[in-house]
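Take the sequences, apply the hints, and build the full model.
Number of protein chains: 2
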Amino acid sequence: MKIKPECATCIVRQVVDASKEISNNEKEQFNLIKACLGVIEKIYGEDAVAAWMGTTVHRYLKKISGNPDPYKRLKDTANEIALNYLEKLKDELKLCNDYNPLNRIICKVKLTIAGNVIDFGPYSTDIDINKKIEETLSGKLKIDHSKELLNDLKDANKILYICDNAGEVVFDKILIEELKNYCDVVVSVKGAPILNDATLDDARIAGIDKIAKVITSGNDAIGVRLEESSEEFLKEFREADIIIAKGMGNFESLTEYDIEQPIYYIFKAKCLPIAEMVGVEVGDNILLKNKKLKIKN
Amino acid sequence: MKIKPECATCIVRQVVDASKEISNNEKEQFNLIKACLGVIEKIYGEDAVAAWMGTTVHRYLKKISGNPDPYKRLKDTANEIALNYLEKLKDELKLCNDYNPLNRIICKVKLTIAGNVIDFGPYSTDIDINKKIEETLSGKLKIDHSKELLNDLKDANKILYICDNAGEVVFDKILIEELKNYCDVVVSVKGAPILNDATLDDARIAGIDKIAKVITSGNDAIGVRLEESSEEFLKEFREADIIIAKGMGNFESLTEYDIEQPIYYIFKAKCLPIAEMVGVEVGDNILLKNKKLKIKN
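Top line first, the protein sequences correspond to chains D and W. The first sequence: position 103 = 428 (our numbering), numbered continuously. The second sequence: position 181 = 506 (our numbering), numbered continuously.
Treat the hints as calculated values from the structure; they're not laboratory data. Model, not experiment: these values are computed from the prediction. Hints should not be assumed to be uniformly reliable.
Any copy, or any two copies together, can satisfy a pair, since identical chains are not distinguished.
Claimed, not checked - Once the Cα atoms are required to be at most 30 angstroms apart in a straight line, the calculated DSS-like pairs of lysine-lysine come out as: (1) Lys505 to Lys560; (2) Lys413 to Lys352; (3) Lys345 to Lys367; (4) Lys419 to Lys472; (5) Lys327 to Lys352; (6) Lys367 to Lys327; (7) Lys467 to Lys345; (8) Lys456 to Lys397.
Okay, here's the thing in structure tokens:
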């Protein structure tokens with residue numbers, strides 16, 4: 326997915342937020358942001374891919390700041406919020422497990438989207454996360470390809486489940502357990518920190534390593550960057566019968582490739598460019614089976 | 326007032342909004358925004374003055390787009406909204422006029438701040454303006470130097486009232502009429518379009534030219550730029566016993582000068598850097614007498 330003109334605002338806001346995480350010193354913040362503005366100006370344009378513009382900028386910010394993980398504090402907070410919230414979700418989860426197979430999937434997909442709102446990328450860092458989670462759980466899937474997913478699951482031997490953010494992975498575990506009723510699930514996280522994306526540490530905090538094979542992308546690209554992916558990731562990617570990709574970054578990047586297998590994108594449309602691309606409103610929750618011709622930009 | 330690190334986000338968002346006003350063509354929007362990012366990157370830094378960074382960027386946008394007035398449509402809309410709203414305010418205004426001199430000033434200052442929310446600069450262009458106006462009218466002045474103003478008015482011969490935005494000027498007229506009970510009022514608007522700032526056209530639409538002498542700054546700088554101001558403006562500026570400056574742009578710029586007369590700033594603190602500088606919360610309404618030592622950055 327290519328960027329839209331307004332993506333300039335979002336990437337600059339991310340740089341401001343990240344710079345404030347990196348340093349409390351205003352002079353240093355100015356220097357970091359100014360340097361990133363130069364990089365953004367060079368990449369920005371109608372052919373820029375959203376996730377890759379983000380990758381270049383956030384990698385640059387890590388490099389010039391000497392901070393390999395600017396979102397560490399926010400990721401730790403997100404994991405903590407998610408783990409605490411999981412306690413509150415026990416009743417919801419019990420209800421989920423009473424449903425028929427289709428409704429169990431819908432219910433648990435919604436739970437993982439609730440996790441996807443704990444995201445300090447497109448949102449600013451000061452939103453009321455609890456409120457956003459509750460809104461997501463009480464809402465509906467605006468695009469709901471759960472029947473297609475259930476149907477594809479019946480013939481599948483292996484799923485590659487590509488995670489998105491720290492915190493969110495706590496909720497992903499619930500859906501991953503459900504998917505394991507049908508086939509093997511291999512779970513992928515980032516090979517190194519970028520933005521608030523989940524790494525091996527976060528997958529372990531969520532306990533995903535206890536229930537599934539966890540691999541990494543082998544790199545720190547936002548979304549998926551096949552050209553930079555590890556052999557291990559590419560092998561699992563090729564072998565998977567179904568790919569499940571969480572969050573906007575994976576959607577932004579995977580829609581740039583021609584991929585043979587069915588891909589299911591699960592995310593909340595957090596900005597207008599993404600919402601318009603899939604034909605929904607900002608804030609809508611999505612379980613979308615890849616339909617290249619319709620969604621290709 | 327110097328910029329804060331996060332001002333990068335706001336100026337980029339303004340450029341995005343303005344570019345969308347200038348053209349419906351995405352390619353053209355990308356070109357305009359990309360070019361402005363280059364300019365922003367050069368100016369941005371801890372010594373940049375908020376209003377002057379905005380001036381440079383918006384002037385550049387006018388120049389490269391060949392559009393001398395990108396906010397024309399939004400200004401016309403703001404004038405229309407304000408004039409329509411004035412009808413609804415008749416009861417409020419009647420009440421205002423029943424108060425004692427001090428409360429009349431407070432009431433009418435609040436009315437002009439209600440006008441100041443019709444501002445497409447710091448806010449994005451899609452906010453619910455009616456709701457914001459009502460919130461402002463029902464609220465209080467967080468900083469309230471109305472007693473000082475009333476006191477200064479008793480000895481004043483002439484006020485220079487420096488306007489801010491189109492639309493807002495419709496509400497300014499109410500306060501200007503009140504001030505005329507004490508002394509002469511000269512009203513200043515911009516010499517040429519910049520952002521959504523009021524020009525002579527807007528002052529006329531508001532009917533201010535019917536009740537006061539209206540002059541222009543002689544230039545298109547956001548806020549006040551004394552170095553570029555016309556002789557006419559500088560003469561009125563020097564002669565005025567009191568200066569009343571509306572909106573954040575005038576505050577951002579006038580706080581960069583050492584000015585002898587009392588200046589009263591009237592605005593809603595629409596962003597964190599401004600709110601922090603005057604020691605209030607975002608959204609608070611302000612009638613602040615200039616106290617250089619306290620508010621100088």
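Okay, the hints, checked on the actual structure:
For the homomeric pair Lys505 and Lys560, the shortest alpha-carbon distance inside one copy (20 angstroms) is at most 30 angstroms, but the shortest distance between copies (80 angstroms) is not. With identical chains, the CA atoms of Lys413 and Lys352 are never at most 30 angstroms apart, being 42 angstroms at best within one copy and 48 angstroms at best between copies. Taking CA atoms no more than 30 angstroms apart as the test, Lys345 paired with Lys367 passes in both settings, with 23 angstroms inside one copy and 21 angstroms between copies. In this homomeric assembly, Lys419 and Lys472 come within 30 angstroms of each other (Cα to Cα) only inside a single copy, at 22 angstroms, whereas the closest approach across copies is 63 angstroms.
Taking identical chains as interchangeable, the C-alpha atoms of Lys327 and Lys352 lie at most 30 angstroms apart only when they sit on different chains, with a minimum of 12 angstroms there against 33 angstroms within one chain. In the homo-oligomer, the alpha carbons of Lys367 and Lys327 lie at most 30 angstroms apart both inside one protomer (15 angstroms) and across protomers (26 angstroms), since each shortest distance falls under that limit. Proximity of Lys467 and Lys345 under a CA criterion of 30 angstroms is satisfied inter-copy only: 28 angstroms between copies versus 35 angstroms inside one chain copy. In this assembly of identical chains, Lys456 and Lys397 lie within 30 angstroms of each other by CA distance solely inside one copy; the values are 23 angstroms within and 38 angstroms between copies.
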